[in-house]
Amino acid sequence: MTQETPLRPQPRFPEPDTQPFWDATKDRKLTYQTCDSCGEVIFYPRGHCNACGELETTWHTSSGEGTVYTYSVIMQSRHPAFKDLGPYALAYVDLDEGFRIMTNIVNVDDPITGVSCGMRVRLNWHDQGEGAIALPMFEPA
Amino acid sequence: MSQSREAAVVGIHEYPLRVAPGVSALQIKANSASKALADAGLSWKDVDAIYDTGTHQNIGGLGISEYLGLKPRLIDTTSVGGSSYEFQANHAATMIAAGKANVALLTYGSTAHSDRRAIGTGGATGLGAPTPFNNMEDPWGMTLISNYGMVKARHMHQYGSTDEQFANISVATRYHAMRNPEAVKAMTDLEFVGIDEITTQDVLDSRLIAWPLHLLECCMVSDGGGAVVIASKEIATNCRKKPVWIIGGGEATKYRENGGDITVSAGAQSGPRAFADAGVSPGDIDVLMAYDSFSITVMCMIEDLGFCKKGEGGDYVSSGVLKFDESGGPALNTDGGGLSSNHPGERGIFLILESVRQLRGESTSQVENAELAVAVGNGGSLGSRHSTSATILASD
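Protein chains in written order, with our numbering: chain A, 11 to 151; chain B, 2 to 397.
Keep in mind that the hints were calculated from the coordinates and are not lab data.
Heads up, the beta-carbon is just placed ideally off N, CA and C, and yes, glycines get one too.
Incorrect hints may have been included.
A short, non-exhaustive set of chain B residues, derived as facing chain A with CB atoms under 8 Å [unchecked claim]:
(1) G100
(2) P131
(3) T132
(4) D139
(5) W141
(6) M143
(7) A154
(8) I210
(9) I263
Label pairs and their computed distance ranges (CB to CB) [said to hold, decoys possible]:
(10) P97(A) <-> Q159(B): 18 to 28 Å
(11) G108(A) <-> G64(B): 39 to 49 Å
(12) R56(A) <-> E198(B): 48 to 58 Å
(13) E198(B) <-> T71(A): 28 to 38 Å
(14) R88(A) <-> T254(B): 23 to 33 Å
(15) S328(B) <-> S73(A): 23 to 33 Å
Could you put the whole structure together from the sequences, leaning on the hints where they help?
Listed below in structure tokens is the structure:
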């Protein structure tokens, strides 16, 4: 549970659409919404359904299992939190419940060859300290 | 819809410097506006419509009008990233055709290089009010280049396209840049290594910035800007140079969507809209000015506008059609593009400028008897939210 120095850019609040999602990560829950009217999966979090415009939604907790849709391996970042990390994988992961999240793929030796489109992955929480927001990352399943 | 020739580009100017210390974005706009109006043979007082993204100076459409000293009856500050000027050119043509304005001025200026903006590799800034986008994207260390890298990776996975195929895009644009003295000066002033024509192997040998994108697949960050004057038919036919008609336009947006196909850009909607509006087809086009922020952006524009089938862009760009002196398809980015001539952040205006030069016969890589050009801008981030707008231009 060591903090990176400097810290990654954090979600900032007040931001009412995404606050419930990030609050849930403190309990290690990866959450998403569905529309009470049309049933569409809504992600990223919003106070309305972006498919039909209805305002009632229901929150669910994901199993954390999914598939890498695509990824890129960042070799050069000028951001202080990332510039000395070495190559790291940014990805879109399609969760089995039907939502696509931007994330990092971790626990691979070489992110270029160790990750692939279509690879099965599972949730791996990146802790940032007791009581803090945790970042939902993924690792090979 | 039958082809419209109600509005034409009558004046253009591209700010020549890509490194312009001590000059402001506003000054680049005013300088370019003055010279574009002179190019048209029109004066400051003829302008009755202002088009500007309103960015870079935080003064919006009102401020740019006051600064220039104009009292427009129409202001449009559509700001959707690098494609904004295709949106604006389409809007200007529509409004002029409707009789709402006679002379529209589009201005762009940026000092991205001199400001030392790390557009491609800087990552999240953590500045400004929080948004849902920032809150869901900032923690992962995404750089702009990696956003596009994710699209290229999926394209390679889905269609079997290769790094070597993508490299042809960079090779063709550099070939054109070496014939354009302003592009050569740009690369010199920005201290490019090896200012010469390049091979596909050179692209593959350049370092990875965000796999699978290599350095030579990424645009530069420069200063620069320009201006475009669009006028009604009555005025256009009496200007200093032959008019270049805006005969059609199309616009669309696309977002990161659950289950969506990231390899298909908004151009799959806006391209066909533009061709239908103009009454022409991709096979008729002589010059393709496609926003080359990265190689993958061009690949998506070529496929989604219908110059080849979706997924076959790798073969298309490898078939020897992209250079101005090759046949079989439109010439690509004959000014040298964002990859090798200039990219101050929102490159869309330059796509129109070079289209006009081609259709006037003024390009440094002139396509013989060029009659039709497409300027297709892509703004935002291809792998998340972006806009694609196409403007189709015709010689007189």
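These are the hints, each one checked on the structure:
At its closest, the beta carbon of G100(B) sits 36 Å from a beta carbon of chain A; the interface hint therefore is violated under the 8 Å criterion. Here the hint on P131(B) is kept, as its CB sits about 4 Å from the closest CB of chain A, short of 8 Å. The restraint placing T132(B) at the interface with chain A holds, with a minimum CB-CB distance near 7 Å, inside the 8 Å limit. Given the 8 Å rule on beta carbons, the hint for D139(B) holds: about 4 Å separates it from the nearest Cβ of chain A.
The restraint placing W141(B) at the interface with chain A holds, with a minimum CB-CB distance near 5 Å, inside the 8 Å limit. For M143(B), the shortest C-beta to C-beta distance to chain A is roughly 5 Å, which falls under 8 Å, so the interface hint holds. Interface restraint check: A154(B) against chain A, minimum CB-CB distance 5 Å, threshold 8 Å, status holds. This hint holds: I210(B) has a C-beta 5 Å from the nearest C-beta of chain A, less than the 8 Å allowed.
The interface hint given for I263(B) is met, as the beta carbon of that residue sits about 6 Å from the closest beta carbon of chain A, less than 8 Å. Against the hinted window of 18 to 28 Å, the Cβ-Cβ separation of P97(A) and Q159(B) comes to about 23 Å, which satisfies the hint. Distance hint for G108(A) and G64(B): a CB-CB separation of about 45 Å, consistent with the stated range 39 to 49 Å. Under the hint 48 to 58 Å, the C-beta atoms of R56(A) and E198(B), about 49 Å apart, fit the expected range.
Restraint check, E198(B) to T71(A): a C-beta distance of roughly 56 Å breaks the suggested window 28 to 38 Å. Distance hint for R88(A) and T254(B): a CB-CB separation of about 29 Å, consistent with the stated range 23 to 33 Å. Roughly 55 Å separates the CB atoms of S328(B) and S73(A), a value that falls outside the hinted 23 to 33 Å.
This entry does not satisfy hints 1, 13, 15, going by the numbered hints stated previously.
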